[in-house]
Amino acid sequence: MSLWNILGYVAWSLAAILLAWMLVDALLVSSQYDEEYLMSSREGGESPAVHGVLPEEGGA
Amino acid sequence: MKRHYVPPKQGMLGQIVDTAMVLVLVYVSLMLPLLFKAAAKVENAAVRAVDAAQATWESLGQNAIQQEQWIKLGYGPEKAAILINNRFDYTIDPVMLVVTFAVIIGYFIFLLKVSDQQYREVIAEKFDHE
Amino acid sequence: MTARSKITTAGKKPIALLKVLNPFHVWGLGVGIVLVGEFMGWNFTVDKGGAYASLIACWVIGLLYTCVAMIDSEVSSTVAAAGGQYTQAKHIVGPLMAFNVGLYLVMAYTMLCAADALVVGDLLRSGAKVMGFAHLDPKPFVVLVVVFLSWLNYRGVFVTLTLNLVMTLLAFISLLVLFVAVDPWQQGVVLQHQGLLTDLPYGWIGVIASLQFGIWYYLGIEGTCQAAEEVRSAGRAIPLGTMGGMMTLLVAATITWFVATGLLPWQYLGQAYTPMYDAATLLGSAQLQLLMFVATAFAAIASANGCINDASRAWFSMGRDRYLPEFFGAIHPKYRTPYRSILFLVPIAVSFAFTGLLDQVITFSILSGLLGYTFMTFNMMKFRRMWPLGSIHRGYVHPFHPLPALTLLALCCLTYFATFLGYGATLLSVMSFYILASLWFVLRRYPYVRRAEQFSMPWPRPRGY
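Protein chains in written order, with numbering that gives the first Met the number 0: chain X, 0 to 59; chain V, 0 to 129; chain C, 0 to 464.
Calculated directly from the structure, the hints in this document are not laboratory data.
Worth double-checking, as some hints may not be accurate.
Computed cross-link-like contacts, BS3-like style, restricted to lysine-lysine with a CA-CA straight-line distance of at most 30 Å [to be verified]: (1) C:Lys-5 with C:Lys-18; (2) V:Lys-71 with C:Lys-128; (3) V:Lys-112 with C:Lys-381; (4) V:Lys-125 with C:Lys-128; (5) C:Lys-18 with V:Lys-125.
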C-alpha cells in the first residue's frame, strides 16, 4: 500500500470524524436548548440601521 | 380592516417532505439536458479522430511561434489537431430562440405579477394596523 | 427522558449571528469566491470565440458586474440582513420573487462549491501523478474539502473568513508574481502575443458566445452582502469590500488574460483545465510551477469556503421566514452560526460533485447567477421609486441611476443569448426548474409564511402600495 492510498483513507476518516462531530453537536444543541430560543433571531440582527434609531432621525 | 393572517404550524414530517421535494427538482433538471446531449457527443468524437491522423502543422494553420509553444507543451500535430479541429457550431435555430426568450420573459412576468399580489397583502397587513 | 428543563427564551435576548467582521473580511469573501475563476474556467471564453473575444468578454462582463456591485452596494447597505438579495427581494419586489432569488443564491453557491472541491481533487491527482502515483482516487479529498470547510463554517464565522482572506490574498499575490515573472514589458522574450494572437476565429458571434463563460471572471462577487448581519458596520463595510473586490478582480482578470494568451496557443488555452499551471510549466521554472499549483488549490479552497458561507446564509434566511421548513432558521447558541443549514448543504454539495456532470452543474450555477442579476434591475428601479432618495437612510447611494440598471438589463439579455448558443437545452431545463419551484412555492409553501412579519425594515409605507 502506497503513501497515497494511506492518505486517501486518512482523508475518508477525517471527513467522517468531522461530520460525526457536527451531527453529535447539532443533536446535543437540540436536546439542551428550546427550539423557540434557537429560532428567535430577528432579520437584520442587532443592526441599528434596522431596529434602532438612525443617526439622522435620532433627534426627530 | 383585514384579519391578521395566522399560518398553520408545519410538523416535522411535512418539513422533511418539502426539503426532499426541492432536491428532487434540482436533480431532475440537472439530468434532463443529458438526454439530448449524449447522442451528439459520440458522433463528433468519431469524426475528429479520423481527421487528426493526417494532420501536419501546415494543414492546421499554425505559425512558427505557435508550433514552438505546442511542442513545449508536449503536443505533436496529431495530438494538437484534436484540440484545434474541435469547433463550435453557432447556427441559430430561430424557433428555439423565440421559445427560449418567451420562456424567460414569461417567467419573469409571472414572478412579478404574483409577487406584486402577495406583496400588497404583506404591506396591507403591516401598515393598515398601525 | 431527563427531568432537566431546556434553556428557553425566557429572560434572554433573542439569539443572533455574531457581529465580528470588517471590510477586509468582506473583500476576502467576495474576491475569494471568484478568484478561482482566474485560475481555471475563464479560459473557456477563449474556446468560445478566440483570445480577443475573451478580452472583450472580460471587460463587457466586467461592466455588467460593475453595475451589479453599484446596485448591490446601495441596496444591501440599506437592507442589512443575512440572505442578501433574497431579503432585498422580499422587501422590494415580493415573496415569490424573493423565494426565487433565494434559490438562485443557494443553487449558484452550492454548485460552485462542488466544482471547487472537484478542482482540488483534480489538482491532487495531477500532483500525485508528477510524484509518480498515476491513479489517485480524488473522491476522499473532495469529500474532505467540503466537510472540513463546513466544519470551519459551523464553528464560527470569524476564523472561517479570516482564513479566506489569507488564502485569497496569497492567491492574488501569486498572480502578480506570475505577471512579473513573464517580463511583461518585453514582447518576444517570454510573451509571444504577436505570434499567438489570431483574428476572431468565429467572428463576432463568437464574441457574444464567450460572454457566457465571461461570467466566470467575476461570479460570486455579489455574495458579499450575505455577510450583512455579521459585519460590524454594514453600511460602510459592504460597499467598501464589494467595490474594492471588483477593482481587484478587474486587475486580476486582465493580468490573467495577458499572461495566458502570451504563452499558450488559443486552441490549447480554450480547452485547458489548469491554464495558469500550464502557463507556469511553459516558463520552465519549478518554483513558479509549484507556486501556481499551491495558488490554484488555495483559490479553489477559498472559493468553496465562501460558497458554503453564502449558501448557508441564504438557506438559513429562507428558513427563518418559513419559505423553507423553519427547522433551518436556527442559530447555534455557542458558535452563533446557521449550523443546521451548513450541515444540510454538506451532502448536497458532495452529491453535486459526484454526479459527473461538471459542465451541467457549472452552467446551472452561471444561469442562477444571471437570473439573479436580471432581478437586480427591477429591484433597483422599484427601490428608487418606492422609497425615493431622502425618504429612508441609505448607507451608500450609487451615481447615474437608472443608467447602471438599464445597462445591466441589456447585458443580461446578451448573456442569455450567449448561453442559448452554447447550452440551449440546459437553459430551458434550468428555467423549467425555477418555474416548477415557483408553482410549488405558491401552492404549497406560502400558506406557512407569516405575512406582515416578512417586512422587517423600519421603513415608511412604500409609495404606490
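How the hints compare with the structure:
Simply put, C:Lys-5 and C:Lys-18 have alpha-carbon atoms about 26 Å apart, close enough for the 30 Å limit, and the pair holds. Between the alpha carbons of V:Lys-71 and C:Lys-128 the distance comes to roughly 19 Å, so the proposed pair stays at or under 30 Å and holds. Between V:Lys-112 and C:Lys-381, the direct Cα distance comes to roughly 14 Å. Compliance with the 30 Å bound is thereby established for this hinted pair. For a cut-off of 30 Å, the pair hint linking V:Lys-125 to C:Lys-128 is broken: about 63 Å separates their Cα positions.
The suggested pairing of C:Lys-18 with V:Lys-125 holds, with an alpha-carbon distance near 28 Å, which does not exceed 30 Å.
Hint violations for this structure: number 4 only, all remaining hints satisfied.
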